[in-house]
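Enquirer: Chain by chain, the residues run as shown.
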Amino acid sequence: MSTLHTVNKTAADDALAACLKVASSGDSVLLIEDGVYQASKLAGNPQTRALKLFALREDADARGISLPATVTAIGYAQFVELACEHQRSVSWF
Amino acid sequence: MSQLLLNNHKAIPLDKDGYLRSLEDWSPEVADKLASSLSISLLEAHWEVIDVLRAFYQRTGLSPAMRPLVKLVATELGADKGRSIYLLKLFPGNPALLASKIAGLPRPTNCF
Amino acid sequence: MSSPNPPKTITFISRSTPYGSGRAKACLDMVLSAAVFEQRINLVFMDDGVWQLQAAQQPKSIDAKDLSAALSALPLFEVSNIFAESEALSSRNLDPAALAIDVKACSAETIAALIRESDVVYQL
Numbered sequence: 001m002s003t004l005h006t007v008n009k010t011a012a013d014d015a016l017a018a019c020l021k022v023a024s025s026g027d028s029v030l031l032i033e034d035g036v037y038q039a040s041k042l043a044g045n046p047q048t049r050a051l052k053l054f055a056l057r058e059d060a061d062a063r064g065i066s067l068p069a070t071v072t073a074i075g076y077a078q079f080v081e082l083a084c085e086h087q088r089s090v091s092w093f
Numbered sequence: 001m002s003q004l005l006l007n008n009h010k011a012i013p014l015d016k017d018g019y020l021r022s023l024e025d026w027s028p029e030v031a032d033k034l035a036s037s038l039s040i041s042l043l044e045a046h047w048e049v050i051d052v053l054r055a056f057y058q059r060t061g062l063s064p065a066m067r068p069l070v071k072l073v074a075t076e077l078g079a080d081k082g083r084s085i086y087l088l089k090l091f092p093g094n095p096a097l098l099a100s101k102i103a104g105l106p107r108p109t110n111c112f
Numbered sequence: 001m002s003s004p005n006p007p008k009t010i011t012f013i014s015r016s017t018p019y020g021s022g023r024a025k026a027c028l029d030m031v032l033s034a035a036v037f038e039q040r041i042n043l044v045f046m047d048d049g050v051w052q053l054q055a056a057q058q059p060k061s062i063d064a065k066d067l068s069a070a071l072s073a074l075p076l077f078e079v080s081n082i083f084a085e086s087e088a089l090s091s092r093n094l095d096p097a098a099l100a101i102d103v104k105a106c107s108a109e110t111i112a113a114l115i116r117e118s119d120v121v122y123q124l
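Top line first, the protein sequences correspond to chains P, S and G.
Using this note's numbering, read the first sequence as starting at 1 and increasing by one per residue.
Using this note's numbering, read the second sequence as starting at 1 and increasing by one per residue.
Using this note's numbering, read the third sequence as starting at 1 and increasing by one per residue.
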């Protein structure tokens, strides 16, 4: 019954903050595109304790961003798997 | 581009679906001409629906599809007129498309 | 105009100002289209989206269509589950009782619950 939230914006936009406000325990948050710049910020946010955190490896590598241990790097195939495993997706863009 | 020719030989531009290109081009004569091109001759019953549509568009900027049109007419003209069958008699085929076209409104969103 | 499939619950989260971009208008168009297909619709105004609810908008001055006037027609389209995030209203000094249309002020937790009950969620 959980939701996959994708976020593709840096902290200059409030997309991630909005997402975290209304995410439910057990949901997943996946950072893609410029969203990967928020990986360390996301990992240190107490609001994310009940969430599963992911970042798209290709987008992080492209930007030279290394991911904290609590944010799982995934590839495109796993992105598709995540989308299928969740009941719905919300794109915060 | 198609057009509608008025009695004074002025040509009103229409889009590919026969809707007015510019909503300011509308006049009762334009409505009459548009209606006769759709084989409808406008009577009092048609005009009151057209007036309701034009007022609604001026207020909200929206062209109603069928269900909201029925509800709108019911609110403005009474429950006996706010019925699909009544509107179908006035604008046979597709009341939402035909009435908004004659009233000079844009094509209703997602109305087939 | 009945749809062949059972209706879905679709939640639209509108988070953009009315005239700063095309997003608010795009969201409203999606809501109206979904309404024509007789889906169960929730419309939620969050963050800057609550500016769409500001009373007395006169966008003629910038040659734009009045978005709040279009919102006022939502009941006609059978869209009646309209929510606004309380925190977003209060942080912008918007009085829930003095908005352009009637909305249910709600918490972020309520919005989270609406998402959980939805088949599809659009955010823009």
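Hints in this document: simulated from the structure, not taken from any laboratory.
Don't take each hint at face value.
Once the Cα atoms are required to be at most 20 Å apart in a straight line, the calculated EDC-like pairs of lysine to aspartate or glutamate come out as [what the hints assert, rightly or not]:
1. S/Lys71 x G/Glu38
2. P/Lys9 x G/Asp48
3. G/Lys65 x G/Glu38
4. G/Lys65 x S/Glu76
5. G/Lys65 x S/Asp80
6. P/Lys21 x G/Asp102
7. P/Lys21 x G/Asp29
8. S/Lys71 x G/Glu78
Partial chain P-side listing against chain G, Cβ under 10 Å, derived [what the hints assert, rightly or not]:
9. Ala17
10. Ala18
11. Ala69
12. Thr70
13. Cys84
14. Gln87
15. Ser91
Residues of chain S placed beyond 12 Å of chain G at every Cβ, according to the derived structure [stated by the list, open to error]:
16. Asp15
17. Ser41
18. Ala65
Fair warning: this is a prediction, and the values are worked out from it, not measured in the lab.
Every residue gets a Cβ at the ideal spot worked out from N, C-alpha and C, and that includes glycine.
Enquirer: Now tell me if each hint is right for this structure.
Expert: For each hint, the structure was consulted:
1. Between S/Lys71 and G/Glu38 the CA atoms are separated by roughly 14 Å; this keeps the pair inside 20 Å, and the hint holds.
2. Under the criterion of a C-alpha separation no larger than 20 Å, the hint pairing P/Lys9 with G/Asp48 is consistent with the structure, at around 16 Å.
3. Under the criterion of a C-alpha separation no larger than 20 Å, the hint pairing G/Lys65 with G/Glu38 is inconsistent with the structure, at around 25 Å.
4. Note on G/Lys65 and S/Glu76: the hinted pairing is violated, with a Cα-Cα distance of about 23 Å set against a maximum of 20 Å.
5. Only pairs whose Cα atoms come within 20 Å are accepted, and G/Lys65 paired with S/Asp80 is rejected, the gap being roughly 33 Å.
6. Of the supplied pair hints, the one linking P/Lys21 and G/Asp102 is violated, its CA atoms being roughly 24 Å apart against a limit of 20 Å.
7. Between P/Lys21 and G/Asp29, the direct Cα distance comes to roughly 26 Å. Violation of the 20 Å bound is thereby established for this hinted pair.
8. Restraint check for S/Lys71 and G/Glu78: the C-alpha separation of about 10 Å stays at or below 20 Å, so the hint holds.
9. Checking P/Ala17 against chain G: minimum C-beta separation of about 8 Å stays under 10 Å; hint holds.
10. About 6 Å separates the beta-carbon of P/Ala18 from the nearest beta-carbon of chain G, less than 10 Å, and the hint is met.
11. For P/Ala69, the interface hint is violated, since its Cβ never comes within 10 Å of a Cβ in chain G; the closest pair sits about 27 Å apart.
12. With 10 Å as the threshold, the beta carbon of P/Thr70 stays out of range of chain G, its nearest partner Cβ sitting at about 22 Å, so the hint is violated.
13. The interface hint given for P/Cys84 is violated, since its Cβ lies 15 Å from the closest Cβ of chain G, which is over the 10 Å cut-off.
14. Among the interface hints, the one on P/Gln87 holds; its C-beta lies about 8 Å from the nearest C-beta in chain G, closer than the 10 Å criterion.
15. Below 10 Å, beta-carbon pairs count as interface contacts, and P/Ser91 has one with chain G at about 6 Å; its hint therefore holds.
16. At the 12 Å boundary, the C-beta of S/Asp15 stays outside the reach of chain G, the nearest C-beta of that chain being 18 Å off.
17. Against the 12 Å criterion, S/Ser41 stays outside the reach of chain G, whose nearest CB is about 27 Å from its own CB.
18. Not every beta carbon of chain G lies more than 12 Å from that of S/Ala65, the smallest distance being close to 5 Å; the non-interface claim is violated.
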